[in-house]
Amino acid sequence: MPVYDALYDFQEELQHVLTRHEQGAIHAAQGFARATGEVGVVLATSGPGATNLITGIADAMIDSTPLVCITGQVGSSLLGSDAFQETDIVSISMPVTKWNCQVTKAEEIPAALAKAFYIAKSGRPGPVLVDITKDAQFQAFDFEYRKCVEIRSYKPKPTIDLLQVKKAAELINEAQRPMILFGQGVILGKAEEEFRQFIEKTGIPSAWTILGLSALPTDHPLNVGMLGMHGNYGPNKMTNECDVLIAIGMRFDDRVTGNLDHYAKQAKVIHLDIDPSEVDKNVKVDIPVLGDCKETLSALTNLVRLKSHRSWLDQFRAFDQIEQERVIQDELKPTTGPLKMGEVIDQINHFTKGNAILVTDVGQHQMVACRYTHFNQTKSNITSGGLGTMGFCLPAALGAKLGAPDREVIAVIGDGGFQMTIQELGTIFQTQAAVKIVILNNSFLGMVRQWQQLFFDKRYSSTELVNPDFIKIAEGYGIKGKSIESRDELHESIEEMLAYDGSFLLEVKVGKEGNVFPMVPSGASVSDIRLS
Amino acid sequence: MVQVFTISIFTENSIGLLHRITSIFTKRHLNIESLNTSESEIENVFRFTIVIVATEELVQKIVKQIEKQIEVIQAVYHLDEETVFQEIALYKVSTEKASENNLVEKLIRDNHARILSMEQEFMIIEKTGHKEETQELLEFLRPYGLIEFVRSGRVSVIRPRNELQKEL
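Residue numbers (the numbering used here), protein chains in the order written: chain A, 1 to 532; chain B, 1 to 168.
In isolation and in its complexed conformation, chain B is listed as follows (with noise of 0.2 Å):
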């Protein structure tokens, strides 16, 4: 049965290895569906959350073989509901068909979405939410002169506690 994971991978800072974690999905043809990296809560700890939708049999494989290289500290895999996840997208619509009908007091009381700026010809939502939210935004805005959309990758915290920090 194909499901949604979470892959978590926290890392050595070093050039070259974002190559090094792809090419072991490249090697079995495997899409990635999101992928985000940044700093941990450790120092000089990096930590990649990478999505991708497979059996868990084969998600066990890849993290085995994730975590078999050398600056990989330690991979871990989980289901959705194992963790708390985010994602961010931004939405470039025209100011003016935004202004029509009350779109922008729809869109903010709705979807908890935001503007972050605000221009004669253009204005910048920002939504946060699972990407069903940010793609219902997406669809919704649509017919009102969407000039641009960008959607980040997810980022999550695992739900139970990740006895990482401990051991390093």
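Extracted from the complex, chain A is given alone in its bound form (with noise of 0.2 Å):
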């Protein structure tokens, strides 16, 4: 309540979302945060208000997003007495911040945030939370800010190592089919064309996680697709054949690498991280070079020489030309059956020419989106990886657009994850960001349903939905909405939703048993990769 009522005195300073979840509102931070790199701030209530975070704040830590988090306590006289909205925040967000702390006493405020921005984005980015006492927030003191520079026992960007990276620039230079893997830390370590020079001279074939996408365009000549699960046949099949592996600001996730007994044995492996915890996490490590990949990267780049590799890059091709046959032609451009999700993606594709940012949730249509959106700038690719926080969406999409008003911001989503924080379209209406939404319906929790086909015998226990009226929902928000289930609609509803001048609901009725594929199953070696 003090904080609120001071925050009334500053509408034209801070501009303060209301949103109508405290999950939508560190979504929408978390949206924010990674739209524009800055980082996003949230406010909740002591108690549940506060709780009702953890999710968003988990799927921060896990994706290294940037957030500061404060929440309200109960006064300090009050602390352990199980007081009236009292939760213990500061040790259950303990596992899942990067910091986080409780203030008793006003002075010490300014000190606080001032350490918790200074943590929150510097080295590897993550979430903090400050928990401020209701006396604390109550108390007058003389205010004076400091902004934190250091702090002793942190060192948010190791040393360079030279003569690790002139080992590795050695392995590099003598590698005969490199390939390189490529996460978020190229685009968190602002380091998109430190990383294009690098791969340019070197002539490496490379791959992206799904936090990596965008920070390399699409139609790069380099960029062979995504990694993992549901990745590319290409980059799969070739992880398993490439001789120098180079890891840069990825961490080897279980949904990238498939089973680590199978995992690219016979290649060295080259790791650029900034987090030297990364190291040697998952994946065994040759050559670690630590350091902030900007720096790193330049450093790199002035000791490989200029090399093309022609035709280790056309087997990709090769790949590439088969998995187009077997799977994306049918996904992309199907004439007959029921809607896919890919040719949506597509028709999106058309118009936005790669400019948009994408946002989406978690599942199918996730997996379909990451897979053939098309990608000109950074900073475009919002969804939540490691987490895999369903509900992610809609509310990060708000946050998105926010952040960059100016540009185009596409949320699609499942028909599941929509109604795990529908409320939000209360925010989209009252703040009039005019976001995209897509839901991709196909009245299944999809990708549950899928494994149920694949794995259970097409035994679908509770992941069937009997939805509601998503039309008649948006117009209750003031959004316009068209549902659509032909594909003679599709290539004119997408251009009338992104003509609109507001936010508009387009809900896309597809097949309901379509499969996302490639696809390796759980357990299995990423060269194990299926296509049907």
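FYI, nobody ran anything at the bench for these hints, they're computed from the structure.
Any given hint might turn out to be false.
[Unchecked claim] Below are the DSS-like pairs computed for lysine-lysine, each with C-alpha atoms no more than 30 Å apart in a straight line:
{"#": "1", "chain 1": "B", "residue 1": "K27", "chain 2": "A", "residue 2": "K157"}
{"#": "2", "chain 1": "A", "residue 1": "K307", "chain 2": "A", "residue 2": "K294"}
{"#": "3", "chain 1": "B", "residue 1": "K27", "chain 2": "A", "residue 2": "K147"}
{"#": "4", "chain 1": "B", "residue 1": "K61", "chain 2": "A", "residue 2": "K167"}
Hints are included, so try docking the two chains, each in its own frame, into the full complex.
Next up, the structure:
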């Protein structure tokens, strides 16, 4: 209450967005942070307000998103007494925050917040939480704000070991079949340009994790596509063929590596990362290169020889051709049968020309959207990667639009995830944020259904959804809506949605039992990727 | 191969850091064998000593994740032979039973134990040593009316020179 009372006097300077639920608030802050590269800020009250942030905090932690969460707390004299709306949010949030603290005196607030912003943004970014007791919010003190620039126990960037850089360069120079895996570290390190120069000089085929997506334009000749469980055929196959694997700002997530016992065993591994604890965590590394990749990539580019790996790259392209014929063609340009998710993305590409920000939720639509959306600009793919949080998309899209108001923001959501934070339509309505919402409705929790079909003998246990009339709901919130089911309407409906001045909800009823392929089955090696 | 490792962690003195550190073990479903916290030789730097039985590969990963915590200044791990370590144990036994058969003398002579307090009903014996040694005395005392037993966490000093002092 005291904080909000003070905010009343700063409405010009501080744009406060009142969401309908704290989970909505934190996902919006995440969307803002991911679209802008700045720190997202979220305020929540004590007790349930604070606990409702936890999913978003855990999501931001695993996806390295810089956030400052400020929670209210009961008065310091009541701490530990099970007071009304008291919860030990510092303990609860500890394993999922980069740092957190509780402040019980007003004069400690400026230093705590200065530290919070510094920690959230520096090094490998992450969420921090500052819990402020009610009495601290009421006290008056002489305000002085000093920016935090250093903490003695915290080294955000490891010192670069030039010997390691040299060793890595030598290995790269000798490599016959090198391959790059890049992740969000390239984006977080603002190293897109350094990355591009590095790959162009070395001529190395480069594949992305879903959080690394958009760091390199889709049509770049060295972009060989997506890694992992629903990634592209070529990079998954070639992971077990390459002689040198260069991982840049990525953490060998199990969805990327598949079975580690059969993962790139033939290759020497170079790992560039800012976080020493990522080295050797999942994959044994031969040459770790610690540091900010903006700096390590530049240093490496200076030492590597100009090269091209044309015939090696052609091998990726040969796999692309197979995938194109066996999977992609029918997903993007089907002529019969129910609508497919891929053709919706294909039509979006047609109009956005790779310039939009794509925000996705979790599941089949997410995999399809990440696989097929075109990107020309960095920080354009916003999705819940590590935690896989359904309900992330709608509020994150709102946050992205508020952070990047001049860019087209398209939220592509499944019918399941949409209903997990559907209340944020109210916030979109109130803020008049022109978010375009595309629901790919298959009336199922589609990815779970796909697994049930493939691995559980089609026993569709609790995955079918009986859905409400989404268009009426949108209209209730003053958001224009349209529902389509036939191929004939798709092109013009997407055109209409994008041309509309304001938020627009397009429900596309797609085939109920569509599957996402290729697929690396759980527990299988990446090179055992299936096309059907 | 699992071995006994002593993890020494040098930290700032901040509320909740213990929870932050132990949750790294909880996350991996690992048991902490012993834990001790105290001041260190450097002003305002605290020291955690954690004993764990695990493979070196796992300990390496844990130590890096501990060191990553903002308020942790340094975390290192060592095998037993690389450290000098000690534990302390207190035993409360019945004075009457302990007085029989010259037990007290045997205790002090054979075990390098000492008596901290002697009352009419009970006496408190203290022994420092490695766990096996304090355990041995525990087993020895059981038949003689052992009333209470407690053992501290391990404290340990690293044999090679630690560079932390220089760094700070």
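Results of checking the hints against the structure:
1. B:K27 with A:K157: This hinted pair holds, its Cα atoms lying about 25 Å apart.
2. A:K307 with A:K294: holds (21 Å)
3. B:K27 with A:K147: Outside the cut-off at roughly 34 Å; violated.
4. B:K61 with A:K167: holds (23 Å)
Of the numbered hints stated above, the single one contradicted by the structure is hint 3.
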